[in-house]
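Okay, here's what each chain looks like letter by letter:
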Amino acid sequence: MSWLPKQKVVIPVDFSDTSLAAISTAVEMAASPADVHVVHVLVPLEGLSPGVVWGEVNDESREKAVRKSFAEYTAENNLEGVQFIVQFGDPGFMITEYATDVGADLIVIPSHGYGGFKRLVLGSVAERVIRHADCAVLVLRRSDAE
Amino acid sequence: MRKSCYGVVVALAAVSFFVISSPLAAQEAAVPSAADSEAAESPAAESPAWIQAVDAFFAKYLVKPVAAVAFYPIPYYDFSAGAWRPSVDPATADLPENQQKLIGTQLPVVVVWLVAGATFFTFRMGFINIRGFWHAIRVVKGDYDDPEDEGEVSHFQALASALSATVGLGNIGGVAIAVGTGGPGALFWMLIAGVLGMSSKFVECTLAQSYRHVDPDGQVSGGPMRYLADGLREMGLGVLGTFLAVLFSVFCVMASFGGGCAFQVDQSLGAIKTQLTWLDDGHEYVYGLVMAAAVGVVIIGGIRRIAATAEKIVPLMCGLYILIALYILFANYDRIPWAFEEIIRTAFNADAAKGGVLGVLVIGFKRAAFSNEAGSGSAAIAHAAAKAEEPIREGAAAPLGPVIDTVIVCMMTGLVIVITQVYDPAKYPDLQEYVIGDKGAALTSKALELQVSWFPYLLSVAVVLFAYSTMISWSYYGERCATTLFGRRASLPYKMLFLVFVFLGSIVSAKNVLDFSDLMILTMAFPNVLGVALLSGKVRRDLDDYWRRYKAGEFKVHK
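As given, the protein sequences belong to chains A and B, one line each in that order. Position one of the first sequence corresponds to residue 1 (my numbering), numbered consecutively onward. Position one of the second sequence corresponds to residue 1 (my numbering), numbered consecutively onward.
Quick caveat, the hints were computed from the structure, so don't treat them as lab data. Mixed in with the good hints, there may be bad ones.
[Said to hold, decoys possible] Label pairs and their in silico Cβ distance ranges:
1. B:Asp146 x A:Ser24: 32 to 38 Å
2. B:Gln52 x A:Gly55: 52 to 58 Å
3. A:Asn77 x B:Asp143: 36 to 42 Å
4. A:Lys68 x B:Pro493: 29 to 35 Å
5. A:Arg131 x B:Asp280: 53 to 59 Å
6. B:Leu358 x A:Lys68: 52 to 58 Å
7. B:Gly236 x A:Gly81: 41 to 47 Å
[Unchecked claim] Once the Cα atoms are required to be at most 20 Å apart in a straight line, the calculated EDC-like pairs of lysine to aspartate or glutamate come out as:
8. A:Lys8 x A:Glu80
9. A:Lys68 x B:Glu148
10. A:Lys68 x B:Asp149
[Said to hold, decoys possible] To give an idea of the interface, some chain A residues facing chain B are shown, with a C-beta separation under 10 Å as derived from the structure:
11. Asp14
12. His40
13. Val43
14. Leu45
15. Val53
16. Trp54
17. Gly55
18. Val66
19. Lys68
20. Ala75
21. Asn78
22. Leu79
The beta-carbon is built from N, C-alpha and C at its ideal position, and this holds for glycine as well.
Turn these sequences into a full structure, and let the hints guide you.
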């Protein structure tokens with residue numbers, strides 16, 4: 001991996017503060033904001049919430065909602081121009097598959113830095129991405145990681 | 001704060017491991033001793049040894065410890081005798097438990113808790129249950145619906161979802177049990193409990209809306225586990241809030257296995273067995289398997305269309321059930337005045353054998369709380385999902401739940417039972433086995449059969465659908481609480497365990513499993529009512545502000 005600006009940077013976000021803050025890091029590393037592909041993976045619906053039962057909440061409505069949430073965030077933080085992609089499935093798998101498909105040269109992934117019990121329970125998307133990625137992966141550790 | 005929350009969860013996980021593992025070990029230890037009998041060799045579903053083992057497990061490790069706290073009998077002042085009445089005869093108080101003599105009526109602490117809570121909320125909110133009634137109807141009608149509001153579903157859909165969880169076998173079986181054990185007077189107290197419960201619903205559902213969390217993908221999560229933790233933290237009671245939220249979630253998961261699941265299967269089986277007698281001779285497990293499969297394809301298989309259909313049929317079934325009841329009342333219109341007289345008379349002047357007035361009151365309140373779940377906080381999880389401009393508006397719609405559930409559906413069942421007199425040992429001595437065995441739905445079925453021979457078939461269909469939709473809705477409540485406690489990964493194991501309880505409900509009809517169902521739904525009220533009472537000041541301020549603007553006509557009507 002060279003230190004030249006990257007042509008295609010893939011960055012997954014889960015809308016946590018940590019992951020949103022990492023978008024600016026990705027923008028710094030890319031040649032232009034348009035080279036940053038922000039990927040949000042929606043996991044399949046699980047609970048039978050009233051919205052699901054009445055058919056008001058479905059993949060279409062969820063994609064619309066996350067796009068709106070992301071547009072609000074970029075407008076507030078001067079990040080216009082970055083690409084936003086919504087995928088459905090297992091986050092670890094979908095992120096690396098997307099990166100391979102578009103021929104990304106870097107995946108930037110924020111890590112919550114959980115340790116001990118929480119790591120066991122919550123798992124780590126970062127771990128799975130590192131294991132399966134075909135390109136360079138930059139893991140951003142939180143300064144207060146356990 | 002997050003840390004302390006996780007701390008509590010970890011501690012609780014450790015405790016539950018400890019608690020669960022020891023009974024399991026005990027059960028395993030019990031199996032070799034039973035291995036002498038052939039039944040243990042092949043663990044057939046109808047094996048009595050196996051059922052007894054499960055029943056004993058429930059009694060020893062779940063029912064007894066919880067009952068000891070929740071149903072702790074409070075001494076009360078007996079006005080007619082002019083003395084304080086402890087429930088245990090003081091002369092025998094020092095003896096071991098099985099030799100103590102019981103006198104008077106047991107006044108379970110959880111029932112007192114629920115009634116005190118509902119009465120407090122009624123006064124605290126200035127009789128919102130009565131003054132807000134017309135507004136509630138307008139909200140549910142959709143007069144104020146704005147599709148742009150944040151949330152998942154309309155007010156009407158949220159109410160229908162909440163009702164699908166509460167309108168269940170409690171309304172058909174539970175009421176019959178109440179009349180059978182407490183006499184017709186229990187209905188009067190159920191009605192009072194339903195009206196007071198409207199206020200509890202108002203406050204808890206308003207709070208569920210205030211403290212709900214909307215995910216970036218538009219999914220809403222809310223309910224007591226959220227408002228107890230976040231609301232009390234705002235008041236500087238973070239530790240208490242976290243503790244109550246965890247306690248609530250644990251009780252809710254257990255209640256979903258009991259009242260939301262095993263009770264529904266057991267009672268609906270009781271009702272259809274009166275028609276499909278083939279199920280009676282050791283074939284109960286077939287019904288359990290069918291139900292488990294039908295629930296499984298929806299909650300694990302993800303075939304949501306079935307759940308959607310079932311949930312939409314519930315209002316229709318409700319209507320059909322009310323029509324059946326109305327037909328019977330109409331056909332016996334000459335007995336209606338007598339029935340009302342009997343209900344009022346026995347409400348205040350009850351048979352001492354049924355525990356006197358207090359005993360009837362306790363039965364009425366307990367069955368009402370079990371049926372409409374006001375104060376236990378479960379419906380708040382469904383109401384949190386509604387699209388609402390302000391929390392008070394959804395809160396205002398929620399009291400219609402107890403109205404439909406208790407004031408209408410329960411009273412219909414109750415009147416049919418009273419008018420047909422199936423509860424009366426003098427008139428139908430052969431039906432007493434249903435009363436004694438807590439087979440309420442079967443008793444209701446008999447009552448209908450006495451009027452029109454084919455009504456029980458309609459009832460069977462209604463009962464199975466009520467049971468089914470209640471289980472689907474409760475599986476969602478339980479799943480929300482399980483994932484709050486243990487994270488998203490708990491979802492699948494929770495659902496599998498839920499299916500196990502669906503199956504267990506069909507074969508273990510023993511009393512302990514039913515007691516367990518009762519207990520868990522009622523005990524959810526301990527953390528919930530306490531937290532809601534602490535947060536009620538904020539709700540009252542919001543309500544006053546909202547009501548002023550409502551009276552001033554400041555709300556935009558969209559329809």
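Consistency of the hints with the structure:
1. B:Asp146 x A:Ser24: 32 to 38 Å: 36 Å, holds
2. B:Gln52 x A:Gly55: 52 to 58 Å: 45 Å, violated
3. A:Asn77 x B:Asp143: 36 to 42 Å: The hint (36 to 42 Å, Cβ to Cβ) holds, given that A:Asn77 and B:Asp143 are roughly 39 Å apart.
4. A:Lys68 x B:Pro493: 29 to 35 Å: Holds, since A:Lys68 and B:Pro493 (Cβ atoms, about 34 Å apart) stay within the stated range.
5. A:Arg131 x B:Asp280: 53 to 59 Å: Taking Cβ atoms as reference, A:Arg131 and B:Asp280 lie about 56 Å apart, which means the hint holds.
6. B:Leu358 x A:Lys68: 52 to 58 Å: Once the Cβ atoms are compared, 57 Å apart, the range 52 to 58 Å for A:Lys68 and B:Leu358 holds.
7. B:Gly236 x A:Gly81: 41 to 47 Å: Holds: the Cβ-Cβ distance is about 44 Å, inside 41 to 47 Å.
8. A:Lys8 x A:Glu80: Holds, at about 16 Å.
9. A:Lys68 x B:Glu148: The given pair, whose Cα atoms are some 13 Å apart, holds under the 20 Å limit.
10. A:Lys68 x B:Asp149: Given that 20 Å is the threshold and the Cα spacing comes to 14 Å, the pair holds.
11. Asp14: 9 Å, holds
12. His40: Because about 8 Å separates A:His40 from the closest Cβ in chain B, which is inside the 10 Å limit, the hint holds.
13. Val43: Cβ of A:Val43 sits 8 Å from chain B, so the hint holds.
14. Leu45: With Cβ-Cβ at 8 Å, under 10 Å, it holds.
15. Val53: For A:Val53, the interface hint holds, since the closest Cβ of chain B sits about 5 Å away, which is under 10 Å.
16. Trp54: 5 Å, holds
17. Gly55: 6 Å, holds
18. Val66: 5 Å, holds
19. Lys68: 9 Å, holds
20. Ala75: A:Ala75 check fails; min Cβ-Cβ to chain B is 15 Å, beyond 10 Å.
21. Asn78: 20 Å, violated
22. Leu79: Violated, about 16 Å.
In summary, the numbered hints that this structure violates are 2, 20, 21, 22.
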